[in-house]
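The sequence shown stops at residue 491 when you use the numbering used here, and every number in between is there.
Worth flagging that the hints you see were computed from the coordinates, not collected in a lab. Mixed in with the good hints there might be a few duds.
The list that follows gives simulated cross-link-like pairs (lysine-lysine, BS3-like), each with its CA atoms no further than 30 Å apart [what the hints assert, rightly or not]:
# : residue 1 : residue 2
1 : 357       : 484
2 : 290       : 451
3 : 357       : 386
4 : 316       : 484
5 : 374       : 342
6 : 302       : 342
7 : 395       : 442
Listed next, with one range per pair, are the computed distances between beta-carbon atoms [stated by the list, open to error]:
#  : residue 1 : residue 2 : range
8  : 353       : 462       : 23 to 29 Å
9  : 264       : 341       : 54 to 60 Å
10 : 332       : 261       : 52 to 58 Å
All C-beta atoms in this analysis are idealised placements derived from N, C-alpha and C, irrespective of residue type, glycine included.
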Amino acid sequence: MSRRALTEINAGSMADIAFLLLIFWLVTTTIDSDEGIQRQLPPIVPPVENPPVVKERNVYVVLVNGKDQLLVEGEIMDINKLKEGAKEFLVANGDGILYPARPEIEKFPIRALVSKTEVDQKVADFQSFYDNAATDNEKDGFESQLKQWKKKQIAIKHLKVDYYELPSSALISMQNDNNTSYNMYIQVQNELQAAVNELRDELTEAKFNMTYDELKTRYERERSNPNYEEWLQTIRAVYPQRVSEAEPKDASNLYN
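Required output: the full structure, derived from the provided sequences and hints.
Spelled out as structure tokens, the structure:
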């Protein structure tokens, strides 16, 4: 009695099917990605050059030692007070204009008044310099300055008032110890970022009736609307992201 031969299954197309399934998965699947912490890294200074002199009042120094103790502007501070301290640094004017009855704010940066009259004049001047520049290098230099003054012009247009801006060297400087716990490191990062976020939220809600995150979301969805980009630019002009993280030090040197 003969056995019937088994019919072989044609698997020649399996590779093609598997490849198509892989392509379908790559196209339709959303892959989560970790976002880094936005920080301004200190510039690399060649060893042959002397580091630039920075006014102490323009730097809000935040130190964390190996025992997770917080030292802010030379004084021990509880982590729960860090956000408000950072906000005050970013808002207060060291020349007493915004807070004339508080002499202690003299340790903070001196904000420069950005007035519509001055800005309009600067835009007109640099536009003329750019139009009459003799070389491409001159044009590039004048164009860079022109863009900066135009940003200030846009900010005044949407704020509808003159405003005070932080000097370019003003920033919050964070430095932790090599033995600082990861939990404390993240807490300090969160408090400093929250200070910037809350100030931006307050101004965005006052001027544009939405939170800063809502404004960013609208900008991402409707890039064709020029207002959203200009509004973001306006908020960032008043409250720039100025948090710099220095290289960690050993415990014996951190508070020295």
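How the hints compare with the structure:
1. 357 with 484: 44 Å, violated
2. 290 with 451: 33 Å, violated
3. 357 with 386: 12 Å, holds
4. 316 with 484: 24 Å, holds
5. 374 with 342: Roughly 39 Å between the alpha carbons, so the hint for residue 374 and residue 342 is violated.
6. 302 with 342: 28 Å, holds
7. 395 with 442: 9 Å, holds
8. 353 with 462: 23 to 29 Å: 24 Å, holds
9. 264 with 341: 54 to 60 Å: Check passed, 56 Å falls within 54 to 60 Å.
10. 332 with 261: 52 to 58 Å: 57 Å, holds
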